[in-house]
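With the hints as your guide, set chain B onto chain A.
Protein chains: 2
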Amino acid sequence: MRVSYDELQQTLRRALLRVGFEQGRAELCARLFADTDRDGVYTHGLNRFPRFLEQVRRGLVDIHARPELLTAAGALERWDGRRGPGNLGAHDSMRRAVELSRAYGVGCVALKEANHWMRGGSYGWQAAEAGCVGVCWTNTMPNLPPWGATEARLGNNPLVIAVPRPDGHVVLDMAMSQFSYGALAAYRERAERLPVAGGFDREGRLTRDPGAVEDSGRPLPVGFWKGSGLALVLDMTAALLSGGLATHRIPADPVEESGLSQVFLAFDLSTLGGQEAASGMADEIIEHFRQPPPGGDEVRYPGERVLKVRHENTEQGIPVDPEVWEQVRSM
Amino acid sequence: MRVSYDELQQTLRRALLRVGFEQGRAELCARLFADTDRDGVYTHGLNRFPRFLEQVRRGLVDIHARPELLTAAGALERWDGRRGPGNLGAHDSMRRAVELSRAYGVGCVALKEANHWMRGGSYGWQAAEAGCVGVCWTNTMPNLPPWGATEARLGNNPLVIAVPRPDGHVVLDMAMSQFSYGALAAYRERAERLPVAGGFDREGRLTRDPGAVEDSGRPLPVGFWKGSGLALVLDMTAALLSGGLATHRIPADPVEESGLSQVFLAFDLSTLGGQEAASGMADEIIEHFRQPPPGGDEVRYPGERVLKVRHENTEQGIPVDPEVWEQVRSM
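Residue numbers (my numbering), protein chains in the order written: chain A, 1 to 331; chain B, 332 to 662.
By construction, these hints were calculated from the structure, which means they are not laboratory data.
Note that the structure is predicted; figures quoted are calculated from it, not measured.
Using N, Cα and C, we set each Cβ at its ideal position, and we do this for glycine too.
Hints may be right or wrong, so weigh each one.
Unchecked claim - Simulated DEER-style distance windows between Cβ atoms:
id, chain 1, residue 1, chain 2, residue 2, range
1, B, Thr-402, A, Gln-23, 39 to 47 Å
2, A, Arg-57, B, Glu-534, 54 to 62 Å
3, B, Ala-608, A, Arg-57, 26 to 34 Å
4, A, Gly-273, B, Ala-583, 43 to 51 Å
5, A, Pro-322, B, Pro-623, 24 to 32 Å
6, B, Glu-615, A, Gly-211, 44 to 52 Å
7, A, Arg-51, B, Pro-624, 28 to 36 Å
8, A, Glu-276, B, Pro-623, 54 to 62 Å
9, A, Arg-14, B, Gly-513, 54 to 62 Å
10, A, Glu-68, B, Ala-608, 17 to 25 Å
11, A, Glu-129, B, Ser-661, 56 to 64 Å
12, A, Val-255, B, Gln-606, 29 to 37 Å
Isolated chain A, as found in the complex (with noise of 0.2 Å):
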């Protein structure tokens, strides 16, 4: 089942409306509901839309709350999120950060206190469109035992970042598990193993099977090793940046999961001037990586996809779950 942009959007505004939000705030947060499905990225568009307003209903997500300045200090700012709708908060830090940088080079916003910002690739997505390269991470409750552990002590951390290129913007959202559990549960309801080991079973063994990682809570950081440091360093930072919770204070459930700590960089590029040649280098860059290797696979780059999905989902409607889409039509 498809439906156009405009109703998804409009359905999911409503549903917002219905709760309290205020005319522009569910005008946004819907829009960047939507884009995420438009984009293809349908785990964290409308199937987590009844999720999120569970956690409005409970009053983990204050609809009312925005942002708040708690220290300037030039070209970083740390702000409170006060636990508002995460990708309100993450929109607002990062519209924040590229405001930074037209006047630094560069500008960063620190934000505790913040939500699930659903779709990381989002705010990368508008670093880009606003001619930013723009960085962004955020820390999760714990769902990823470090290399060496059994039990899950880390986020699986999500890592964005854009690069703008007229042609495409290059956008990597990569998560520090090599694959998500909604990427798990997915393989195996369509009863398929995965490409490459996703983590343990419960013997410990490296395996393929998705249900066993489930099963057993241990998926595989991406690297091994590398991964795993490189989720603690960015919850590190996240934490000590935002003045925010580390991973470890953050509830281990997908409902009670709140008050994240979130990073957002943005470098104008105007700034330094050359921009033309900047654009002619990203293509290069882009060229050289897409050539057809022989016998191998097709290559691509990070935010690729995306574009295809978008111009076929705008064209065609976007696919919705008839159930997800029915129980959002009559919240």
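Frame of chain A, contents of chain B only:
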């Protein structure tokens, strides 16, 4: 064979003076090499020194060149490394990023026309010693096939993230390949298999045989498609911010490799206040992370082993390869 830190540093310094380094620069350059061995990163210290002098001899490294400011945009600056010694250029750049962070909270130096920075972790330790969160990355010559391709079009583009902590800084220093060529050679020489798949063999099968990966020239990006994407955006951001060369324009030969692009970021935590709280939080995160897991291996944070080795090597002397040691002494 072990030699004292002072003997190592003085020997390197004399060799540098003999090829024409100025006094102060010979001192610092030798210290950066000696620190690397002292900290146990034997691939990038003394053992790399003959190749470094070979680059000097060939004119790829200009020993008199110092970085030159090209554009200043407040907290973001673009510098030209003028193909000076890589470790000196990187050290200067991180020092400048720290200076900028004192004034703006965050500081960023993008450096073009740099040379191999040797051990990237050095500049992370440098930032952490200055009380800053430090982040830096460099591109390299092509040495890593993108996910889906067979030929090396990406660099392994090391990324360094350092977090200051009174009881021992946390310093992540990771290249985007699961194993460096140096690590592959070390496993092969010890006739050991890799602990996890390290790349493809000539038939395109994932393998734990280090020699087969050396032979195919197809090491594995960390996290497969994820590290491939991360290596790409690190190259793009380094080239675009510095206005310098991207990986595909850098000669694919370890001795000819020159003209790299690098980014150095420092965040001065003291500009945000609450340093004691930050130190307390850093300790708490590490304490929680390191808890011995039931039945699992030891869990170590990035940088932990360095401190142990540093202590041992300072007490007992630094292990050196007798042949390389004699070679450098007579240089």
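Which of the listed hints are broken here? 4, 5 and 6
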